[in-house]
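Chemist: Line order of the protein sequences matches chains A and B. The first sequence begins at 1 in full-length UniProt numbering and counts up one residue at a time. The second sequence begins at 1 in full-length UniProt numbering and counts up one residue at a time.
No lab work stands behind these hints, which were simulated from the structure alone. Source: prediction; values computed, not measured. C-beta: ideal position from N, C-alpha, C; glycine also. Do not rely on the hints blindly, as some may be mistaken.
Claimed, not checked - Which bits of chain A does chain B cover? Going by a derived footprint, with three or more residues having C-beta under 8 Å, they are:
no.	segment
1	42-49
2	70-82
3	97-103
4	134-140
As the list claims (entries may be wrong) - Now the in silico label distances, taken between C-beta atoms and shown as ranges:
no.	chain 1	residue 1	chain 2	residue 2	range
5	B	132	A	6	32 to 38 Å
6	A	164	B	135	21 to 27 Å
7	A	170	B	126	44 to 50 Å
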Amino acid sequence: MFFHIVMERNMQLHPRHFGRNLRENIVSKLMKDVEGTCSGRHGFVVAITGIENIGKGLIRDGTGFVTFPVKYQCVVFRPFKGEILEAVVTMVNKMGFFAEAGPVQIFVSNHLIPDDMEFQSGDMPNYTTSDGSVKIQKDSEVRLKIIGTRVDATEIFCIGTIKDDFLGVINDPATA
Amino acid sequence: MSGEEEENAAELKIGDEFLKAKCLMNCEVSLILEHKYEQLRQTSEDPMNQVSQVFEKSLQYVKRFSRYKNPDAVRQVREILSRYQLAEFELCVLGNLCPETVEEAIAMVPSIKTKGRAHDDEAIEKMLNDLSLIKRFE
Numbered sequence: 001m002f003f004h005i006v007m008e009r010n011m012q013l014h015p016r017h018f019g020r021n022l023r024e025n026i027v028s029k030l031m032k033d034v035e036g037t038c039s040g041r042h043g044f045v046v047a048i049t050g051i052e053n054i055g056k057g058l059i060r061d062g063t064g065f066v067t068f069p070v071k072y073q074c075v076v077f078r079p080f081k082g083e084i085l086e087a088v089v090t091m092v093n094k095m096g097f098f099a100e101a102g103p104v105q106i107f108v109s110n111h112l113i114p115d116d117m118e119f120q121s122g123d124m125p126n127y128t129t130s131d132g133s134v135k136i137q138k139d140s141e142v143r144l145k146i147i148g149t150r151v152d153a154t155e156i157f158c159i160g161t162i163k164d165d166f167l168g169v170i171n172d173p174a175t176a
Numbered sequence: 001m002s003g004e005e006e007e008n009a010a011e012l013k014i015g016d017e018f019l020k021a022k023c024l025m026n027c028e029v030s031l032i033l034e035h036k037y038e039q040l041r042q043t044s045e046d047p048m049n050q051v052s053q054v055f056e057k058s059l060q061y062v063k064r065f066s067r068y069k070n071p072d073a074v075r076q077v078r079e080i081l082s083r084y085q086l087a088e089f090e091l092c093v094l095g096n097l098c099p100e101t102v103e104e105a106i107a108m109v110p111s112i113k114t115k116g117r118a119h120d121d122e123a124i125e126k127m128l129n130d131l132s133l134i135k136r137f138e
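Please build the complete structure, drawing on both the sequences and the hints.
Modeler: Written out as structure tokens, the structure reads:
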């Protein structure tokens, strides 16, 4: 899910940036530093939408660098265990398939794909029901439930399932 | 980090910070990101090089999965859903997935049926009806 939250960060600035453009310099450095990053607690920072306030700078002894506490609003994407969302299938193999929902990758193991769907190899590997009516392949849109997340310093990775009511393919590129 | 261990969106356990935060539906994110992208395009020649991969992927994703395209409809959806005493998170899941039946809505957002909350099937059905009306008249 996407959220709009307020975050805080201490920005260290070199004295050469001081002057009448100080504020712009802080903001552009903040965008460069923060947008596109990911933390386990807040998820992926997609975009900064506004600056709430920039506090008083504190000069670091010995270096001349100044630290400014900056409060800013941003759009983040944070997946949760138990959340249901839609995703695009990016890769299919006999172990299961990978799907993407925005910046996050979700793996759905073949144990968590309904039992009546069989893996078919070929140049377009896919999972198909025995009557051929439902097919999951690259670029299919699926609705899935996140059942686990793994967080490391710079990435969030999810495990999903489509073995539940109202989950599964919502749009098949072959028939659309 | 102990709170993190037991998070479960189905029971609305998403941590205090996110529970109080403003949730965004895909269609709202799409409006925000498109606006930001447009701004970048006016100030630089090659906007796609300026944005992070996370931004690019998110933009593609929300464009693909936005149920409502027109800004007025997006505002209406939020307005209508906010009449039903939903948590922000529940509101956005419903707005994103647009379930068609009461059963489906409960499967998508199990927390609306938990004890002590005033959502009976009729109220949920009315809510889904209101939603589908916006879609139809968009």
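Chemist: Hints first: check each against the structure and report whether it holds.
Modeler: Hint check:
1. 42-49: holds (count 5)
2. 70-82: n = 6 at 8 Å, threshold three: holds.
3. 97-103: holds (count 4)
4. 134-140: Since three or more residues must qualify, the claim that chain B covers the segment 134-140 of chain A is violated, with 0 doing so at under 8 Å.
5. B:132 to A:6: 32 to 38 Å: Taking Cβ atoms as reference, residue 132 of chain B and residue 6 of chain A lie about 34 Å apart, which means the hint holds.
6. A:164 to B:135: 21 to 27 Å: holds (25 Å)
7. A:170 to B:126: 44 to 50 Å: Taking Cβ atoms as reference, residue 170 of chain A and residue 126 of chain B lie about 25 Å apart, which means the hint is violated.
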